[in-house]
Amino acid sequence: MPVVSLEMCSVRGLSVLRSDGELVRAVLGGDRKAFAILVQRYEPSVRAVAMSVLRDSHLAQDVAQDAFVKAYENLGRLRRAGAFGPWLMQVARRSALNIVRRQHEASSLREDMVAAPSAGLLDDEKERLLAAVLQLRESERQAVMLRYFGGYRVAEVAEIVGRSVGTVTKQLSRAHEHLRVLLGEA
Amino acid sequence: MRDDMERRLEDLGRVLGTTESVAPEVMDRIEQVPGGQPAETRTMKRGFSVRRLVMSRMSKYAAAAVVVIGAFVGYQILAGTGGISWAQVRQQVVGANAVTYTLTVTAPELEGLRLEGFQSSEDGIRMDAYINGELVNQSYTLVDEGRFVTLMTGQNLYTEVKLTEALRDELQRSSGDPRVIVDEFLTGPYTELGRSEIDGIAVDGVESQDVALVPAFFAGPMGRLSAGSPMPDDVVGRLWVDIATGWPVEMTLDITGADGSETHVVVTDFQWEVQLAPEVFALEIPADYQALAQVDMGQLATGAQMAEALAYFAELSGGTYPTELTPVAIVSELYEICDKLDAAGMLPEIDDDMIIKLKYAATYVRDLGDEGKEPVYYGDTVTAADADKVLLRWKLDDQQYRVIFGDLRIEDVSPERLAELEVR
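Line by line, the protein sequences give chains A and B. According to my numbering, the first sequence is numbered sequentially starting from 3. According to my numbering, the second sequence is numbered sequentially starting from 1204.
These are computed hints drawn from the structure, not numbers from a lab. It cannot be assumed that every hint is accurate.
[Unchecked claim] Below are the SDA-like pairs computed for lysine to any residue, each with C-alpha atoms no more than 25 angstroms apart in a straight line:
(1) A:172 to B:1552
(2) A:172 to B:1216
(3) A:128 to B:1222
(4) A:35 to B:1491
(5) A:172 to B:1494
(6) A:72 to B:1301
(7) A:35 to B:1493
(8) B:1576 to B:1551
(9) A:172 to B:1316
(10) A:35 to B:1515
(11) A:35 to B:1221
(12) A:172 to A:184
(13) A:172 to B:1491
(14) A:172 to B:1576
(15) A:172 to B:1493
(16) A:172 to B:1222
(17) A:172 to B:1497
(18) A:172 to B:1310
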């Protein structure tokens, strides 16, 4: 093909996974099954974002549901189809913060609800690690979440985000370094 | 490489993954979304318009001149025949100095792909690629500077290739250029379709089922790097030409793959013999872009850059080289290697620069074949352990061949010595 990037051209022909951008375009074209793939792909990451805000696994499940439905309803507003992952994380975070806000307003929870224990799902170390992951820069965070929370192989992450394997390996490597810094272990 | 942080992240992922999936509930709920579809409020950036740029930069006088030239040539093409002269169409198109066009591809993997091309014999080639209206890539072949640069917009990356004179000339000749496509249509076997109308313009057409059209449509620097893909055998191309002026109005190509997949390509929105503004070819690499790869094609002839890239591949693979030296085979085998290393927790950072250098090396070797330099590659049997076996060789002249051995040392040898080495 006389177009697109060097990596995209040659890799596309071998592609097994459809990239986020391709799936988003398929959904906008009326293919709802494509959205089910996106849900499956990002569910652990969305739940992780919700957990980090709410520290409650049941509420995080509800937020994950809401976030995906909101994302579907507003998919047409997404400027870059390939940016679905980071955009979805923002939707999830806003959904989780809305719940916190509503619960505070209703005074149904204590003021320190956000600091409450995570219903036994995550121990202290994992909570700190999750908080650090969420502080990573966007591209590194997405690579980490897909790789470790979504369980995708590096080559698959590259296909999903439309980057080369080299770029993803570098992002993961840098993410490890940044996590150590954020956790005070560097 | 697997480290403690990787293990801790995997542990965290396992804990987060133990919760029941919300997918069934989500899919149930989106069934209830009013209208059933996401809101149609997409706010894509406005696409760069070839026509807008060209016309805004073109003086009224130049525009008038195009009309006059077109009318004059049209007269010549029709004169004395009562119908269109395809030989004169070809002559006129091939001799055109500049053209802009839009190429749109509809294919299973490339839906919504559009390419805006600017071809100038004097300045070079620029191609802007869009996917669903989103600019994803811009490539420049700059004749005076002898450079081919690709900007990967959105990723803030670029690749830069320093071209040899021969390669620069070749890129000028075969870069998905509509002039080359027309040449391919009209020098190969075709049948006449007769008259029709496109957007109110009276046209005459030809149809060709020659597979040679495929590389003509998909040639160019990127096509070179995708070389090695199997050629389809079910191809239908159509060329429609304005009866009044003799300039092409539309070209289409329909390809049916062995698996039944269908690819449809349309080249249209032509502006023939336009005066392109210098800004079209004024490349400025944004300051925040990083180089993904920088390749000097002149250095490939020494073999050193090739050996460096092959060494990198062997380092990843554990001592083997790509079994075939084609861009497609290199990427395919690299992915298999990465998967294995990944599964073993041994995947290092991958150096894209080296992979791209290797892909360019592959195109260089293919070009050597085209030039009659007799390149032969033995990567399917020779590994890094085969220090004295020939891995790759090509002819320099009647007296000498350049040889890259299994241990990647480079030597120039006589034909007799090469014959001895190759029987080993």
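Hints and how they fare:
1. A:172 to B:1552: 5 angstroms, holds
2. A:172 to B:1216: 20 angstroms, holds
3. A:128 to B:1222: 16 angstroms, holds
4. A:35 to B:1491: This hinted pair is violated, its Cα atoms lying about 38 angstroms apart.
5. A:172 to B:1494: 14 angstroms, holds
6. A:72 to B:1301: Given that 25 angstroms is the threshold and the Cα spacing comes to 49 angstroms, the pair is violated.
7. A:35 to B:1493: 37 angstroms, violated
8. B:1576 to B:1551: Answer violated: residue 1576 of chain B to residue 1551 of chain B is near 37 angstroms, above 25 angstroms.
9. A:172 to B:1316: Outside the cut-off at roughly 29 angstroms; violated.
10. A:35 to B:1515: 41 angstroms, violated
11. A:35 to B:1221: Since the Cα atoms of residue 35 of chain A and residue 1221 of chain B sit roughly 24 angstroms apart, the hinted pair holds (cutoff 25 angstroms).
12. A:172 to A:184: 18 angstroms, holds
13. A:172 to B:1491: Distance ~18 angstroms between residue 172 of chain A and residue 1491 of chain B Cα, so the pair holds.
14. A:172 to B:1576: 39 angstroms, violated
15. A:172 to B:1493: With a Cα-Cα distance of about 14 angstroms, the restraint between residue 172 of chain A and residue 1493 of chain B holds, given a limit of 25 angstroms.
16. A:172 to B:1222: 30 angstroms, violated
17. A:172 to B:1497: With Cα atoms ~18 angstroms apart, residue 172 of chain A and residue 1497 of chain B stay inside 25 angstroms; holds.
18. A:172 to B:1310: Given pair residue 172 of chain A, residue 1310 of chain B is violated - Cα atoms ~31 angstroms apart, limit 25 angstroms.
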